[in-house]
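One line per chain: the protein sequences are A and B, in this order.
Numbered per the working numbering, the first sequence spans residues 416 to 945.
Numbered per the working numbering, the second sequence spans residues -10 to 283.
Treat the hints with care, as some may be off.
To be verified - Think about it this way: if two alpha-carbon atoms lie no more than 25 Å apart in a straight line, the pair counts; the simulated DSS-like pairs of lysine-lysine are: (1) A:596 <-> B:131; (2) A:911 <-> B:140; (3) A:859 <-> B:135.
Claimed, not checked - Reference listing, derived: stretches of chain B covered by chain A, where coverage requires no fewer than 3 residues with Cβ under 8 Å from a Cβ of chain A: (4) 78 to 87; (5) 101 to 113; (6) 121 to 129; (7) 162 to 173.
Everything labelled a hint here was simulated from the structure, so no lab data went into it.
Keep in mind it's a predicted model, so treat the numbers as computed, not measured.
Beta carbons are placed, not taken as given, at the ideal position from N, Cα and C, and that holds for glycine.
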Amino acid sequence: MKRERSKKYFWLQRLRILVQVSFFLLFFILFLQTHYPGEDYLKVTVERFFHFDPLLFLAASIASRTIFAALLLSLLTVAATLVFGRFFCGWICPLGTVHQFFSFIFKKTRLLRPPKDDRASLSSKYLVLFLVLAASLLTVNLVGYLDPFSFLYRSFAVFISPLLNLGLVQSGNLAYLLGLKSLGQTISQAAGNLALNSTFQNALVIGGLFLLAVLLNARKERFWCRYLCPAGALLGLFSRFNLFKLKIDPDKCINCHLCSTHCQTNARPYPAGEWRSSECIYCETCAAICPTAAISFPLSWQRERMQGVDLNRRRVLLTSLTGLVLAPIFRISPLRRRSNPALIRPPGALAEPEFLSRCVKCGECMKVCPTNALHPALAEAGPEGVWTPVLVPRIGYCEYYCSLCTQVCPTGAIRELSVEEKVTVKIGTAWVDKTRCLPYALGKSCIVCEEHCPVSPKAIQLIKVDTLTPGGVVATNLAPFVNVDACIGCGICENKCVVMDLPAIRVSSIGEHRSSHNRLVLPVVEEQGQ
Amino acid sequence: MERRDFLKNLLVGSLTLKLAPGLLAAPAGPDLAVVEGESPAAITREAIKVLGGMSRFISRGDKVLIKPNIGWDRTPEMAACTNPEVVAALVAMSLEAGAREVIVMDHTINQPKRCYARSGIQEAARAAGARVLFTDEQRLKKMSLKGEWLKEWEVFQDFVEADKLINVPIAKVHSLSRVTLGLKNWLGAVGGNRNQLHQKIDQAVVDLGAFFKPTLTVLDAYRVLFRNGPQGGRVSDTRLQKTVVAGLDPVAVDAYGATFFEIKPQELPFLKLAQGRGLGKLELEKLRIEKRAV
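My request is simple: use the sequences and hints to build the entire structure.
Below is the structure:
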């Protein structure tokens, strides 16, 4: 018999790769666009990808008891999956593209040798899904840790972005060293316009997890998609009709196992009848690779039964219960009683419980922040708050006229604010440390915090202070005094303080508008006209 | 040339310059041009014209660096940054005088891109033909300033490499040095931990002023900030003065600038230090000041 591969599926496979690359580039362009565009409001919906993520929609909606209008777009994904199956994973998902690219590399370099007959269970991702959804029922929002878009965006914002910036700076430096001054200038100006944030706390952990996820592709092709991804699991549950159904022509099949060996998600195209439609991502590899063109995907209206995934009722129930038990454990944190002074949230952040139920830890706010002020929390916000955004004034301050972080949050954990609203929002209060402040402690002059205070009239006022210095000499200097009512907690004072290690003026979360109990002065209405 | 001739020439030459300083710098203009008017661009142009025209300062093929104050993320109505029209007018005039390239640059305090955009300077200066560049950390070099207090500091090389420097500060109040005008504007040409300079701000300002030596200082007092300096925040912190002060002597320009805030130049320690260092003259009554209105 004549052996010939299918031309049609070869080209379909190429088309799929083209579509994947396009969506990845779109993702990356939107990622780079998530920065100060030269005007106050972003014109591009840079967080658009998140709107098409039904897992995000489902989990965040359940956890926060809210329907998100923008996330309703994800119903399109659901509808398409109902009809066509999990093509989203194979053609669109940028994280899937990353994994597939590295699987390809690992296969080419022989680091990954896929087995002929892989019987490993694929049910773990479904268990992740049920765990996340069960926790959502108890308002604990865990979806962000393994949601593919959150995972990818966070890794890019916190890990890849500083690396890109480092690369830009170093190549600029190299250009200058080589005497290519105009090239160096071009690079530095590009860096200034891109405004990539250069440093993040916990970047190593988040970057390390990303690298681990990539390296796992050396164990199994698309390891993440097969075993971990709760979004893929959700789409698997929704894939019902799979209009294009895999068919093996028994007359042509030579039982070579190439198709099942190279199936990206182990959907078992071979032997006939074992195809797991809910795992198939329609990458067309099997049909393109088949040496006799025995595999095709003809249109068929028959309803599919989910099969091959050992998801019995007992395991589903058990995981859901685990989620329900685990969720309260996330809540055992003293932060519910007393606010953490270091937990300064971005302006527009909702009150802490609502904020936590909505935040999906995607890192959009951290990427867009022009001063590198927002960082993924580690312990600041308790167990449920790992990787939620926290403002670290020592690294970056909140720019007075900027409301960018409020414009990009896909789940409204940070409420959208106009610039006019934003300048009125208090996120904390500055405190002078008189044991370190130059005029108070050393009798030296310095007004740097007052000079930088953006509020008018300034929240930092200057008072004359006498400091007794050795030898009985009294040094009189102007020294900062914080008007707590005017201070908005932006942190520029702490950021610019000349005491470099532990600044002599520091912002803590007290007085933040979003909290009704983390208050310094009770909001008593003063009686007027007396 | 014989040594004797050389010495003779030197003596004659220096005496001539000492006794008649205007001889070589003809046509000799006044020390200061103070021009008032409705249009920031027009009063800037007129001020330079009073001083003898831009071609007196810029030669054909010069690389010019214009240093406005773009320190803050504030609009022009807040009078925290130099008026964009003043900057644009200077860019245009430099190009008209034959400059090969005009760069506009400042080391900002708030996030650079935001300051460049909101101040309006990036757009205006670009439209006038300048290259508006962000400062680049890679171009910082520790240099010997030979100052009395500041011995060395990190300086952006763009300011050193330019053939001609034009300093374009805006007149504002400041809680430590009382006013921030031309001399203090040089804090935007250096890197490092600039905020430490505030521990001896008057000396720092003079040391920097002595190092940079601009060809021309053009003080923007179109809208001055008289309260809540140096960045204001409300339009009510500002006052329309509709004036531009230009001159070759940076001390004289600052001395005149102080008067916008009812401060006598003699009251400002940094001006007295600057005069003592020979950077210029602060006694306004001894200066030739030409005032005009357009």
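Next item on the list: Go through the numbered hints given earlier and state which of them the structure violates, listing their numbers in rising order.
Entry: Violated hint: only 4; rest satisfied.
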